[in-house]
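A.B. asks: If you read the sequence shown in the working numbering, its first letter stands for residue 67, the second for the next number, and so on.
No lab work stands behind these hints, which were simulated from the structure alone. Ideal Cβ positions, reconstructed from N, Cα and C, are used throughout, including at glycine. Watch out, some of these pointers could steer you wrong.
[To be verified] Straight-line Cα separation of at most 30 Å, BS3-like style, residue types lysine-lysine; simulated pairs:
#1 LYS117 - LYS168
#2 LYS117 - LYS152
#3 LYS84 - LYS135
#4 LYS152 - LYS84
#5 LYS192 - LYS152
#6 LYS152 - LYS135
#7 LYS168 - LYS192
#8 LYS152 - LYS168
[As the list claims (entries may be wrong)] Label pairs and their in silico Cβ distance ranges:
#9 LYS192 - ASN98: 17 to 23 Å
#10 ALA70 - ASP163: 29 to 35 Å
#11 LYS84 - LYS192: 36 to 42 Å
#12 SER188 - ALA157: 17 to 23 Å
#13 ASN98 - ALA184: 21 to 27 Å
#14 TYR185 - LYS84: 30 to 36 Å
#15 ASP89 - GLU175: 21 to 27 Å
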Amino acid sequence: RSTALFREMMARYEQGDKDLQPDNVCYSNLINVYINAALMENDCDFTTISKAEDLFWEMTDSYFRGNIKAAPTTRNFNTVLAALSKCRWPAAARNADQMIYKWESLVNEDLVEALPDAYSYSLWLKCL
67 RSTALFREMM ARYEQGDKDL QPDNVCYSNL INVYINAALM ENDCDFTTIS
117 KAEDLFWEMT DSYFRGNIKA APTTRNFNTV LAALSKCRWP AAARNADQMI
167 YKWESLVNED LVEALPDAYS YSLWLKCL
């Protein structure tokens, strides 16, 4: 239901309702809905964590297309990394690797201002 509401908001924004432009807080809330749903099980639902990760990159792409309100923050990155660190799936470690490397690349290219912090790297270590 949360995804449907978010997509409705996006459609209305794209149809001209500029008050409904999604920001990083809005994206973050939906990312957290996915993560909370994925971690409700005894074993992490990696498919749902992947949806959260995809939504994070959708937010980042929105920022690159000019939505400055969707600028990814260190906290946004860390939220996804924290979820990946709780999964014991081999793909979670691979996704965390890719996320860190892509993040560092975006920082080095001056495309994002959010920097990895000590917590980011500790989450990454938990994934390995």
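A.B. asks: If a hint holds in the structure, say so; if it does not, say that too.
C.D. replies: Hints and how they fare:
Of the supplied pair hints, the one linking LYS117 and LYS168 holds, its CA atoms being roughly 18 Å apart against a limit of 30 Å. A distance of roughly 15 Å separates the Cα atoms of LYS117 and LYS152; the hinted pair therefore holds under the 30 Å criterion. A distance of roughly 12 Å separates the Cα atoms of LYS84 and LYS135; the hinted pair therefore holds under the 30 Å criterion. Between the alpha carbons of LYS152 and LYS84 the distance comes to roughly 37 Å, so the proposed pair goes past 30 Å and is violated.
Note on LYS192 and LYS152: the hinted pairing holds, with a Cα-Cα distance of about 8 Å set against a maximum of 30 Å. Proximity of LYS152 to LYS135 is assessed by CA-CA distance (about 29 Å); at most 30 Å being required, the pair is judged to hold. With a C-alpha separation of about 18 Å, the suggested pairing of LYS168 with LYS192 holds against the 30 Å cut-off. For the proposed pair LYS152 and LYS168, the alpha carbon gap of about 20 Å is at most 30 Å, so the pair holds.
For the hinted restraint 17 to 23 Å between LYS192 and ASN98, the CB-CB distance of approximately 19 Å keeps it satisfied. Distance hint for ALA70 and ASP163: a CB-CB separation of about 32 Å, consistent with the stated range 29 to 35 Å. Range check, LYS84 to LYS192: Cβ separation about 40 Å, and the 36 to 42 Å hint holds. At about 20 Å, the beta-carbon gap between SER188 and ALA157 stays in the expected band of 17 to 23 Å.
About 22 Å separates the C-beta atoms of ASN98 and ALA184, a value consistent with the hinted range of 21 to 27 Å. Judged by the Cβ atoms, the range 30 to 36 Å given for TYR185 and LYS84 holds: they are separated by roughly 35 Å. At roughly 23 Å, the beta-carbon separation of ASP89 and GLU175 lies within the given 21 to 27 Å, and the hint holds.
The structure does not agree with numbered hint 4 stated previously, though it agrees with all others.
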